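A.B. asks: Sequence:
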Amino acid sequence: MKKKKSSTGSRVSAALILITFIGFFGLRAFHLINVQNWWAILLIIPAFSSFGNLLDEFSQKKPVSFSFVSALSGILFPTLIALLLLFNLDWLRYLPVFIIIAGIILFQSGFVQSDDAFGNFARKFRPWLFAGGAAVVITGFLSFGLNIPVETQHKPFSPWWGLPLIIFASGGVFQAFRKDGTHSRSHLSLFFNLMTSFLLFIPAILTILNRRLDLLPGLLMLAGGSLIIFMAVRKIT
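Per the working numbering, the very first residue in the sequence shown carries number 1062; after that it's consecutive.
Rather than coming from a laboratory, the hints here were simulated on the basis of the structure. Just so you know, not all the hints are guaranteed correct.
[As the list claims (entries may be wrong)] Dumping the calculated DSS-like pairs for lysine-lysine here, alpha-carbon to alpha-carbon at most 30 Å: (1) K1123 x K1185; (2) K1185 x K1296; (3) K1122 x K1185.
[Stated by the list, open to error] FRET-style restraints, in silico, Cβ to Cβ: (4) F1235 x S1120: 53 to 59 Å; (5) G1087 x Y1155: 24 to 30 Å; (6) N1271 x I1080: 37 to 43 Å; (7) F1253 x S1068: 42 to 48 Å; (8) S1068 x I1269: 45 to 51 Å; (9) D1275 x D1151: 58 to 64 Å; (10) L1088 x F1253: 54 to 60 Å; (11) L1260 x F1119: 36 to 42 Å; (12) Y1155 x L1103: 18 to 24 Å; (13) L1277 x W1221: 26 to 32 Å; (14) L1103 x L1283: 37 to 43 Å; (15) P1264 x D1177: 54 to 60 Å; (16) I1297 x I1080: 54 to 60 Å; (17) L1156 x W1100: 21 to 27 Å.
Remember, it's a predicted structure, so these values are computed and weren't measured experimentally. Glycine is no exception: its CB is placed at the ideal position from the N, C-alpha and C atoms.
Generate the whole structure from the sequences, applying the supplied hints.
C.D. replies: Have a look at this one:
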C-alpha cells in the first residue's frame, strides 16, 4: 500500500513553523526580543497549518468553499491573539481589529460556490452575507473611536453609527430583487426580506438624524410600512 504524499501546503506549513520557532527562540536566547508570554508562540502552529490548507485550496483551483473561509479565519484570529499575548497588548484597545476580521470573513463567505451545505446557504443568502460583512467591517472601523481618554466623561454622539445598519439593510433589498433562475420568488420571501430591511432602516435613519421615535408614532410607522410593502409585493409578483 502506497503512502500518500504530503501536500504542498503541509510542507510549507512545516517549514514556516520550523523557521519561526528557530528564529523566535534564537532571538529570545540572545535577548534580542523581550516578550512576556513566550508560550503564545504556540498559537502560530494552527495559523501556519491553516495557511497550508489555504495553499492547497488555491492549488486545487476549485470553487471557493467553506474550507477556504475556515482557513482564512484560522490564519487571522490565532495570529492576532498570539501577537496580543506575546507583546502583552491591551485586548480592549484592539477589539475593533477582531470585529474587522470577523466582517472580512463574513464578507468572504458570500463568495462560497461549493455544493456542500454552506455553499447552498451562501447561494440563497449571498446579498445578506455581503451586506452583513461590509456592515461589520465598517462597525469595526467606527469602534476605534471608542478608545477615549479616561478624563473624558462621555463620547459625543456620532451619526455614523447608522451607516452599518443602512448597509446591512440594503442586503435585504438586493436579496428580494436579485435574479435567481433556480426558483421563482415567492410572496413570503419578498415580504420577509423587504420587511427586515425596513425594520433596519428605521433605527439607521433615526441614528443618523439623532432623533427618537415614541411608541405610538413607531407603531403607526410599522403598520404603514408593512401595508405598503405588502401591497408592493402583491403588485410585483
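A.B. asks: For every hint, state whether the structure bears it out.
C.D. replies: Right, here's what the structure says about each hint:
1. K1123 x K1185: Holds. K1123 to K1185 sits at ~20 Å (cutoff 30 Å).
2. K1185 x K1296: 23 Å, holds
3. K1122 x K1185: Holds: K1122 and K1185 sit about 23 Å apart, inside 30 Å.
4. F1235 x S1120: 53 to 59 Å: Given a distance of about 33 Å, which is not inside 53 to 59 Å, the answer is violated.
5. G1087 x Y1155: 24 to 30 Å: 27 Å, holds
6. N1271 x I1080: 37 to 43 Å: Roughly 53 Å apart at Cβ, these two residues miss the hinted range, so it is violated.
7. F1253 x S1068: 42 to 48 Å: Because 43 Å falls inside the window, the suggested range holds.
8. S1068 x I1269: 45 to 51 Å: 50 Å, holds
9. D1275 x D1151: 58 to 64 Å: Given about 40 Å between the Cβ atoms, the range is violated.
10. L1088 x F1253: 54 to 60 Å: 56 Å, holds
11. L1260 x F1119: 36 to 42 Å: Taking Cβ atoms as reference, L1260 and F1119 lie about 40 Å apart, which means the hint holds.
12. Y1155 x L1103: 18 to 24 Å: Given a distance of about 20 Å, which is inside 18 to 24 Å, the answer is holds.
13. L1277 x W1221: 26 to 32 Å: Holds: the Cβ-Cβ distance is about 29 Å, inside 26 to 32 Å.
14. L1103 x L1283: 37 to 43 Å: 52 Å, violated
15. P1264 x D1177: 54 to 60 Å: With Cβ atoms ~35 Å apart, the hint is violated.
16. I1297 x I1080: 54 to 60 Å: 59 Å, holds
17. L1156 x W1100: 21 to 27 Å: Given range 21 to 27 Å: holds, Cβ gap about 23 Å.
Violated hints, in rising order: 4, 6, 9, 14, 15; the structure is consistent with all others.
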